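Visitor: Here is how the chains run, residue by residue.
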Amino acid sequence: AQSVSQHNHHVILSEAASLELGCNYSYGGTVNLFWYVQYPGQHLQLLLKYFSGDPLVKGIKGFEAEFIKSKFSFNLRKPSVQWSDTAEYFCAVIPFSGGYNKLIFGAGTRLAVHP
Amino acid sequence: NAGVTQTPKFQVLKTGQSMTLQCAQDMNHNSMYWYRQDPGMGLRLIYYSASEGTTDKGEVPNGYNVSRLNKREFSLRLESAAPSQTSVYFCASIPRGGAQSYSTDTQYFGPGTRLTVL
Numbered sequence: 693a694q695s696v697s698q699h700n701h702h703v704i705l706s707e708a709a710s711l712e713l714g715c716n717y718s719y720g721g722t723v724n725l726f727w728y729v730q731y732p733g734q735h736l737q738l739l740l741k742y743f744s745g746d747p748l749v750k751g752i753k754g755f756e757a758e759f760i761k762s763k764f765s766f767n768l769r770k771p772s773v774q775w776s777d778t779a780e781y782f783c784a785v786i787p788f789s790g791g792y793n794k795l796i797f798g799a800g801t802r803l804a805v806h807p
Numbered sequence: 012n013a014g015v016t017q018t019p020k021f022q023v024l025k026t027g028q029s030m031t032l033q034c035a036q037d038m039n040h041n042s043m044y045w046y047r048q049d050p051g052m053g054l055r056l057i058y059y060s061a062s063e064g065t066t067d068k069g070e071v072p073n074g075y076n077v078s079r080l081n082k083r084e085f086s087l088r089l090e091s092a093a094p095s096q097t098s099v100y101f102c103a104s105i106p107r108g109g110a111q112s113y114s115t116d117t118q119y120f121g122p123g124t125r126l127t128v129l
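So the sequence lines, in the order shown, correspond to chains A and B. Just add 692 to the spot in the first sequence (first one is 1) and you have the working numbering. Just add 11 to the spot in the second sequence (first one is 1) and you have the working numbering.
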């Protein structure tokens with residue numbers, strides 16, 4: 693079955709530390725890739741997405757992600773985190789099967805940033 | 012422009028009770044979705060609606076029914092609630108609809124409904 697794996701369920705960092713959250717997917721065909729963020733008490737918002745072209749994608753709030761097709765990965769990065777980045781981060785995939793637009797989510801990674 | 016709204020925000024039910032979760036969007040979107048979010052499992056698709064008048068099952072449809080009342084509204088009904096349905100429920104929408112794949116559309120999410128079934 694198609695799946696999305698996020699390697700870290702909980703990450704704790706100090707402000708100014710660098711962040712990398714791992715995401716791997718199991719679908720072998722063409723995929724569209726997304727990272728969503730859920731701040732405490734808020735709904736999910738799109739951070740960034742990749743469809744084609746440059747595999748290094750830049751999103752909002754200084755986040756970026758790199759698509760590595762050979763590794764089936766789409767890792768999220770930020771050079772220097774802030775306390776306001778405390779949130780839960782979800783990687784999601786839409787396998788391009790010609791069927792309907794269905795997001796498959798990973799389990800999420802909770803990030804806590806300490807001042 | 013409120014985006015996607017959901018009511019209620021919180022609900023506590025007893026086993027066997029029924030209730031309907033409401034979702035509405037004011038963005039003139041065609042497709043709408045219902046997800047449940049459980050700890051350690053991410054979001055899982057319950058049902059979706061590609062257009063007004065059509066609905067289809069997602070990954071975890073058992074125990075739920077849906078109604079696409081009109082283009083704006085997509086409700087989720089629990090006929091006989093069970094403790095396993097304790098979860099946070101999210102509604103989402105995308106601009107396009109129909110039977111084709113619009114896999115590049117960003118999904119817009121509502122604020123969620125936290126449901127507890129005792």
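Honestly, the hints are just simulated from the structure, not real lab data. Just so it is clear, the structure is predicted and the values come from calculations on it, not from any experiment. Glycine is no exception: its CB is placed at the ideal position from the N, C-alpha and C atoms. Incorrect hints may have been included.
Okay, the calculated bits of chain A under chain B, using three or more residues with CB under 8 Å as the criterion [claimed, not checked]: (1) 706 to 718; (2) 764 to 774.
List of simulated lysine-lysine pairs, DSBU-like, C-alpha gap at most 35 Å [as the list claims (entries may be wrong)]: (3) A:753 with A:741; (4) A:753 with B:25; (5) A:794 with B:20; (6) B:82 with A:753; (7) A:750 with B:20; (8) B:25 with A:741.
Reference listing, derived: stretches of chain B covered by chain A, where coverage requires no fewer than 3 residues with Cβ under 8 Å from a Cβ of chain A [unchecked claim]: (9) 28 to 34; (10) 117 to 126.
Visitor: Are there hints from earlier that the structure breaks, and if so, what are their numbers?
Guide: 1, 2, 4, 8 and 9
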